[in-house]
Amino acid sequence: MKQTPSQTVGPYFAYSLTPEQYLYDFKSYADSVMVNPLENPDTITITGKVFDGAGVPIPDAMIEVWQSDHQNQLFGRCGTGTLADNRFVFYTTKPTSVNGQAPYLSVIIFMRGQLIHTYTRIYFEDEVTLNETDEVLNSVPSDRKHTLIATKNGNSYEFNIIMQGEKETVFFDI
Amino acid sequence: MSQIIYNSFDREVHPPYLSPDYQSTVLRAPSKPLMVLKQSLSELTGPVFGDFNLGEFDNDLTKNALKNGQPLGERIVVHGKVMNENGQPIPNTLIEIWQANAAGRYIHKVDQHDAPLDPNFLGAGRCITDSEGNYKFYTIKPGAYPWGNHHNAWRPNHIHFSLFGANITNRLVTQMYFPGDPLLQYDPIFLGVPPKGRDLLISAFDLSLTEPSFALGYRFNFVLRGHNATPFERQ
Ligand SMILES: [Fe+2]
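Note that the protein sequences, when read in sequence, are chains G and H.
Just so we're aligned: 72 in the working numbering is position 72 of the first sequence, and the numbers increase by one with no gaps anywhere.
Converting from the second sequence to the working numbering requires adding 1000 to each position, the first position being numbered 1.
Hint data in this document are derived by calculation from the structure and do not stem from the laboratory.
Given the structure is predicted, the values throughout are model-derived calculations rather than measurements.
Glycine included, each C-beta is placed from N, C-alpha and C at the ideal position.
A portion of the hints provided could be inaccurate.
[Unchecked claim] Distance condition first, Cα-Cα at most 30 Å in a straight line; then the derived DSS-like pairs of lysine-lysine: (1) Lys2/G / Lys1109/H; (2) Lys1038/H / Lys2/G; (3) Lys1067/H / Lys49/G; (4) Lys27/G / Lys1032/H; (5) Lys145/G / Lys1136/H; (6) Lys2/G / Lys1081/H; (7) Lys167/G / Lys1038/H; (8) Lys1196/H / Lys145/G; (9) Lys1196/H / Lys152/G; (10) Lys1141/H / Lys49/G; (11) Lys1136/H / Lys27/G; (12) Lys1038/H / Lys27/G; (13) Lys27/G / Lys1196/H; (14) Lys2/G / Lys1063/H; (15) Lys1136/H / Lys152/G; (16) Lys2/G / Lys1136/H; (17) Lys1038/H / Lys49/G.
[As the list claims (entries may be wrong)] Pairwise CB distance ranges (calculated): (18) Pro1033/H / Gly55/G: 17 to 23 Å; (19) Arg1011/H / Ser142/G: 25 to 31 Å; (20) Thr82/G / Ala1115/H: 32 to 38 Å; (21) His70/G / Asp1060/H: 36 to 42 Å; (22) Leu1072/H / Leu83/G: 18 to 24 Å; (23) Leu130/G / Asn1152/H: 26 to 32 Å; (24) Ala1115/H / Gly100/G: 55 to 61 Å; (25) Pro37/G / Pro1182/H: 49 to 55 Å; (26) Thr96/G / Pro1091/H: 28 to 34 Å; (27) Asp126/G / Lys1067/H: 50 to 56 Å; (28) Pro37/G / His1150/H: 53 to 59 Å; (29) Pro1091/H / Lys152/G: 38 to 44 Å; (30) Asp31/G / Asp1111/H: 21 to 27 Å.
[Claimed, not checked] Below, a sample of chain H positions facing chain G; criterion: calculated Cβ distance under 7 Å: (31) Lys1032; (32) Leu1041; (33) Gln1070; (34) Leu1183.
Using the sequences and the accompanying hints, generate a full structural model.
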């Protein structure tokens, strides 16, 4: 049987997919608080913006992250339409290495203007040793590898997504 | 243990990133080729939805936002099954939907189309497929609405669907259209799908699903990416 074709998420997803974040009267299935910071002293934040080909932050993207290692299975979802500068922010714990791979989160990106979603990954700047030997990171052209690595600032990691152009983020065909 | 590899997107039916008639794709489509990724644990797993407490009327948009009466418009019931490419049902798939009201207006704050909101209609719902992969929504047939893509651009009637199957390779966001809609031939979002895929996005009117004196019935099935092997069986 043929796969059902994808269509864009469009500009109006928020009241169904991220309703509480956007203050609609409908319970959210998922949000960006993947672990409770009050109960987890090792909570990290991962924040960033999504840029279009003209370098403008995209105000109507939806980012999903999936963290699956031997300790945790955590899912997060955040729209870029409510925070200052059209940021997304996730609260989670740092993923751990699986089978010697560098730790990462899987990312799924949706937006108006994308008829089909994109996949990328978030790796971590402070995992120098594992990043150096990681099979996936090493399969990426060396001058684009940094687009997959979040930069660290205390307990916060910055990860920007650039949809198009010279500095384009690496997207995966999975 | 056999290695399960999920199939790729079938590019014969999925739209490309860049589709210039749909103007917003021009600055948002990746310009470099995608990197092929060997699937590992995070691709072969996904969130489990069984523990989410669905609200009583989450799959009934005619009842889940009542304030002072009934929503206006034509009541419909949409039935369907979620399957993989081998036709096997996919249970426990989270399905989330959103749509315009009967007048073609979304409740989203960004939608400024000059058509009335309906105080008794939110336009959002969700459900989880049963053990046979089946789902059902009651709703109101959404109206067509104008958009700014080009002169006199109108979106055909549609319901937005988001599906999350067993893992992240199964993720699908799409739109369900209605049979015979004259706007389909002019819609660059629908036409962004290659010709082979277009009919797969059009629901079928079904008299056997139609509920007498209550709601017109439509059927819309989903096929998500399958895999190369039957799941590993413990020995
Ligand atoms: Fe729409």
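Here is how each hint holds up against the structure:
no. : hint                             : verdict
1   : Lys2/G / Lys1109/H               : violated, 36 Å
2   : Lys1038/H / Lys2/G               : holds, 23 Å
3   : Lys1067/H / Lys49/G              : violated, 37 Å
4   : Lys27/G / Lys1032/H              : violated, 38 Å
5   : Lys145/G / Lys1136/H             : violated, 44 Å
6   : Lys2/G / Lys1081/H               : holds, 14 Å
7   : Lys167/G / Lys1038/H             : holds, 23 Å
8   : Lys1196/H / Lys145/G             : violated, 36 Å
9   : Lys1196/H / Lys152/G             : violated, 46 Å
10  : Lys1141/H / Lys49/G              : violated, 36 Å
11  : Lys1136/H / Lys27/G              : holds, 19 Å
12  : Lys1038/H / Lys27/G              : violated, 36 Å
13  : Lys27/G / Lys1196/H              : violated, 37 Å
14  : Lys2/G / Lys1063/H               : violated, 34 Å
15  : Lys1136/H / Lys152/G             : violated, 45 Å
16  : Lys2/G / Lys1136/H               : holds, 22 Å
17  : Lys1038/H / Lys49/G              : holds, 27 Å
18  : Pro1033/H / Gly55/G: 17 to 23 Å  : holds, 22 Å
19  : Arg1011/H / Ser142/G: 25 to 31 Å : holds, 28 Å
20  : Thr82/G / Ala1115/H: 32 to 38 Å  : violated, 25 Å
21  : His70/G / Asp1060/H: 36 to 42 Å  : holds, 40 Å
22  : Leu1072/H / Leu83/G: 18 to 24 Å  : violated, 35 Å
23  : Leu130/G / Asn1152/H: 26 to 32 Å : violated, 55 Å
24  : Ala1115/H / Gly100/G: 55 to 61 Å : holds, 57 Å
25  : Pro37/G / Pro1182/H: 49 to 55 Å  : holds, 52 Å
26  : Thr96/G / Pro1091/H: 28 to 34 Å  : holds, 30 Å
27  : Asp126/G / Lys1067/H: 50 to 56 Å : holds, 51 Å
28  : Pro37/G / His1150/H: 53 to 59 Å  : violated, 46 Å
29  : Pro1091/H / Lys152/G: 38 to 44 Å : holds, 41 Å
30  : Asp31/G / Asp1111/H: 21 to 27 Å  : holds, 23 Å
31  : Lys1032                          : holds, 5 Å
32  : Leu1041                          : holds, 5 Å
33  : Gln1070                          : violated, 18 Å
34  : Leu1183                          : violated, 15 Å
When the structure is compared with the earlier hints, violations turn up for hints 1, 3, 4, 5, 8, 9, 10, 12, 13, 14, 15, 20, 22, 23, 28, 33, 34 and for no others.
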